[in-house]
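Construct all of the structure, not just a fragment, from the sequences and the given hints.
Protein sequence lines correspond, in order, to chains D and W.
Counting along the first sequence from 1, when you hit position 213 you're at 213 in my numbering, and nothing is skipped either side.
Counting along the second sequence from 1, when you hit position 275 you're at 275 in my numbering, and nothing is skipped either side.
None of these hints come from the bench; they were simulated from the model.
From the three backbone atoms N, C-alpha and C, an ideal C-beta is built for every residue, glycine too.
Heads up, some of the hints might be wrong.
What the hints assert, rightly or not - Computed beta-carbon distance windows for the label pairs:
#, chain 1, residue 1, chain 2, residue 2, range
1, W, R209, D, Q198, 49 to 57 Å
2, W, P288, D, Q227, 46 to 54 Å
3, W, P288, D, P165, 37 to 45 Å
Unchecked claim - Covered, in the sense of this in silico footprint (three residues per stretch, anywhere, with C-beta under 8 Å from a C-beta of chain W), are these stretches of chain D:
#, segment
4, 164 to 178
5, 181 to 193
6, 205 to 215
7, 222 to 228
8, 232 to 244
9, 247 to 254
The lines below spell out each chain.
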Amino acid sequence: MSLNRFPFGAVMSRRRWMPTAVSIGGALGTSGWLPRIAAAADVAAKRDGRHCILLWMSGGPSQIDTFDMKPNHANGGSFSEVATAVPGIRFSEHLPGLAKQADRLAILRGMSTKEGDHERGTTVMRTGHPLGGPVRYPAIGCSLSKSLHNSRSHLPSYVTVSPGPFARRSLSPGFLGPKFAATSVNGAAPGDQATYAQLRVDHLRPPSSIDQERVAQRLAIWESLQQNFLNTHQTENVVAHDTVYRSAIEMSASDANDAFDLSQEPDVVRRAYGTGTFGQGCLLARRLVQRGVPVVEVTLGDGLGWDTHTDNFQRVRQLSEQLDAGWSTLMTELADLGLLEKTTLMMAGEFGRTPVINSNGGRDHFPQAFTCVLAGGGIAGGQVYGQTSADGMEVTDGKIDQQDLLSTLCTALGVDPSNENIAEGGRPIAIAEGNVIRQVLL
Amino acid sequence: MASTSSLAVVTLVIALQIAGAAPSQGETPADSAPDARAATENVDRLIQQGWADEAIQPTPQSGDAEFCRRVWLDFAGVAPPVWQLRTFLQDTSPDKRWRLIDQLLASPRFATHMANRWNQTLLPEDALVGGQDNAAALHRWLRKQFQSNTPYDHIIGGFLTAGGKSDRGPAIFYTSRNLDPVKLAASTSQLFMGIQLQCAQCHDHPYARWTQDDFWSFAAFFAQLELDQSNLSGGQSIEDRSGREVTFPETERVMSPRYPGVAAAPEPDPTDFRRRQLTIWLASRNNPYFARAAANRVWSHLFGRGLVEPVDAMDNDNPPSHPQLLDFLADYLIEQRFDLRSLYQMLSRTQAYGRSSAVGDRPRPPADRFAAMNVKTLSAEQYFDSLRQNVLLGGLPRDSATSTVPGRPLPDEMIRQQFLARMQAPDAVPTEYPHGVVQVLGMMNGPEMLAATAEQRSGLIGSLQAPFLTDHQRVETLFLACLSRAPTEQESQQFLDYLAAPNGDRSAASKQSDLAWVLLNTAECFVCP
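Below, the structure written as structure tokens:
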């Protein structure tokens with residue numbers, strides 16, 4: 001099975017970093033064979049034009065009021081559990097669009113981590129590693145955008161829509177370097193003037209007073225000065241400056257504006273996604289995937305919206321409606337375009353919420369047992385994996401952690417999670433090192 | 001019951017006697033000629049060892065312009081102002097480089113720049129972003145120390161024993177880490193000893209020497225910290241209460257404070273003021289890490305990378321590139337009584353510091369051989385402050401050193417804060433370029449660039465309109481302001497052609513603004529050569 005999936009699996013015996021080797025003093029970093037192997041294994045995934053869409057639930061979504069309900073228990077809360085298109089799979093009444101597409105979802109009810117703090121939880125779920133320590137681990141979106149990079153596209157390889165707090169640490173490209181940083185799109189909620197949330201990349205274009213001809217004249221001279229300096233200063237920082245500048249110049253001059261211009265979409269489509277930042281972000285994700293962008297992330301919960309310590313049910317209901325509209329419309333449209341089978345979606349937040357309802361009608365942080373969902377390309381939908389106890393307090397079957405989740409996501413995308421990138425000091429580090437959950441993969 | 005120690009002053013006196021140091025207040029570093037000269041020569045000798053065997057060819061000494069830009073950015077935190085650069089280039093006296101070094105080391109800009117650097121080093125990132133008042137208080141305190149050239153061991157001693165209301169600045173070191181003994185043990189060992197003790201927090205360090213016991217008995221020095229609740233109005237102050245302890249994880253075992261790598265228990269302190277106990281050892285000659293860590297950081301400031309890199313991982317498994325040199329610099333710093341300026345002065349006079357960063361056709365020598373100057377990426381502050389001083393010109397009538405005056409921030413100061421927020425890169429090392437496409441789009445099209453190149457707002461473009469200037473002079477001024485050097489002949493011709501080209505209704509100023517944009521967006525403008 002794994003050999004079929006990875007044509008290079010046979011030669012990819014996993015190399016583990018040996019601590020003693022460091023005393024050689026970074027010699028590993030120059031040995032050269034590691035990057036070549038990693039590059040070879042990614043060829044298949046790139047050729048296939050695979051995409052990943054991450055749906056990030058900022059604040060920590062309540063599993064027990066969405067995908068892992070406990071209708072017959074005091075912890076269950078006020079929402080009803082309803083049947084879906086797949087017999088035996090039931091979830092919240094406030095996710096009707098997703099219920100119709102339950103055959104596309106693999107619901108993982110056995111997630112469990114040790115991090116109950118927002119920043120630490122966000123970092124562990126996005127990078128697979130706890131905050132702190134000497135190695136700067138990249139966010140999974142950065143690693144995937146490197147593996148899935150599409151050289152024909154002028155658009156960035158990783159776009160994140162209104163990424164929310166803690167982006168600096170949790171969305172950092174870490175040791176991969178700034179070339180693999182996410183390009184963030186800022187969102188402004190709909191207001192008096194605007195029906196839809198406004199999404200834009202800051203400073204994408206020069207001011208209107210500088211026309212295209214002038215831009216071209218500037219860049220022609222810039223080119224020769226930049227090149228002169230590069231000739232005598234081939235250092236890591238100067239070369240990186242040049243690489244990132246060229247990407248930015250390409251993007252500024254490309255059809256990027258077109259891709260980000262949601263006003264080109266008919267009203268009926270824009271409304272179907274939902275008018276908020278998340279809904280319009282999902283629409284943008286579809287437009288970017290159409291144009292070859294490999295990784296897009298859309299965040300729901302402007303700020304820490306899912307952090308429902310008080311008034312849980314009212315807020316989760318509103319958030320569920322946004323989640324349902326954006327996500328279900330996105331999958332429908334991707335399927336119509338023939339892109340869903342090449343696009344893997346993952347819904348996750350930094351942790352779940354306590355099964356016990358607190359005195360403010362809220363639920364608190366709960367990393368011990370919560371739910372994430374995989375969907376789309378490479379995913380065997382229409383199933384639930386893992387189980388929690390009747391009161392929701394612990395995982396009783398199919399317990400997984402963040403590394404298992406990220407390894408499974410990579411595998412679904414055709415990226416071998418054991419592919420290694422080189423960290424500081426020449427240390428090779430795998431993208432993810434968990435157990436791949438084969439049952440949820442096609 | 002609980003005894004409160006508030007003996008910061010006494011502590012300083014004690015620390016002072018132990019280290020045998022006397023503060024030299026606000027003086028230019030004394031030019032104790034033979035010693036400093038011998039030291040400078042020794043540094044170069046140690047650096048050059050092995051070059052011949054490795055067939056490394058060093059670059060020549062840098063030209064005046066390159067040296068001037070380097071020393072200004074390193075010591076003043078900004079590129080040289082155009083008129084100062086011109087004066088320096090025209091100066092024919094043989095000692096002009098040394099005079100420039102001394103002049104900058106004694107200037108208030110040096111204190112401000114050092115405070116900028118140390119603020120970023122000392123504070124966790126969220127304290128820089130969220131707690132700007134606190135960061136500013138610490139900055140003021142640090143600036144004062146560097147301005148009066150307080151010896152490094154005294155600065156750190158003042159820091160670590162801070163407590164009372166008057167110590168609001170340095171106390172932020174503790175409050176920004178929530179008085180958490182674990183975080184404090186980790187930061188203190190990393191910052192002031194250059195070791196990664198926290199790797200042993202959960203298990204014995206697999207390949208360095210530290211054990212879990214080492215970590216937790218070091219954390220015990222910070223067990224007694226408490227916020228002083230009695231005076232919430234006057235800012236947060238902290239105090240030490242005996243009776244609070246840390247215990248070894250998942251046991252009831254109370255950890256007694258112990259210095260890392262030292263078997264014997266510390267000398268008892270009369271009032272059980274543990275942070276004082278720690279400080280006295282930290283700055284003493286018995287501590288093999290303190291001076292080495294400091295010397296390594298100074299080296300890294302000037303040369304772009306430490307003799308041990310990363311600078312806070314000086315453990316056994318990560319040996320220095322030049323062990324003898326590091327030992328020598330640590331000893332020199334102790335001999336100079338932890339006078340940082342004197343170490344900076346000595347190092348900046350070396351041939352190593354004077355080498356050009358430009359390498360011709362040959363392959364570039366490895367960065368850790370220091371045979372060509374490493375190119376250092378500017379911090380966001382260095383870039384913006386240079387832009388403000390040389391290109392925006394006068395948009396802001398006061399420098400950042402005095403902008404702590406209460407009242408509303410000036411518009412330019414707001415632009416500065418926005419720029420810094422966008423370009424923040426707290427973990428970056430100067431030999432890498434830490435920015436991505438989003439930041440670069442902001443560089444190319446953002447409000448700072450717009451102001452710097454707008455014909456109406458840019459002071460530089462405005463000044464170029466003076467009718468008595470030739471285009472040749474205008475081009476030269478643009479280069480001096482943006483890149484701190486004169487153009488090459490080829491560049492000069494290219495720019496003159498651009499200005500002379502008939503181009504519809506384009507004004508001369510608009511073409512000059514294009515050229516300013518070009519220069520400000522080159523890699524050369526974003527580095528210290």
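Structure-based check of all given hints:
About 56 Å separates the C-beta atoms of R209 of chain W and Q198 of chain D, a value consistent with the hinted range of 49 to 57 Å. Between P288 of chain W and Q227 of chain D the beta carbons are some 48 Å apart, a value that agrees with the proposed interval 46 to 54 Å. Taking the beta carbon of each, P288 of chain W and P165 of chain D are about 41 Å apart, inside 37 to 45 Å as hinted. Only when three residues or more bring their CB closer than 8 Å to a CB of chain W does the claim for the segment 164 to 178 of chain D stand; here the count is 5, and the claim holds.
Only residues whose beta carbon comes within less than 8 Å of a beta carbon in chain W count, and the segment 181 to 193 of chain D has 4; three or more means the coverage holds. Counting residues of the segment 205 to 215 of chain D whose CB lies closer than 8 Å to any CB of chain W gives 4, so the stated coverage by that chain holds, three being the minimum. Beta-carbon proximity to chain W at under 8 Å applies to 5 residues in the segment 222 to 228 of chain D; the threshold of 3 is reached and the given coverage holds. Only when three residues or more bring their CB closer than 8 Å to a CB of chain W does the claim for the segment 232 to 244 of chain D stand; here the count is 11, and the claim holds.
Judged by the Cβ-Cβ criterion of 8 Å, the segment 247 to 254 of chain D is covered by chain W as claimed, because 5 of its residues qualify and three suffice.
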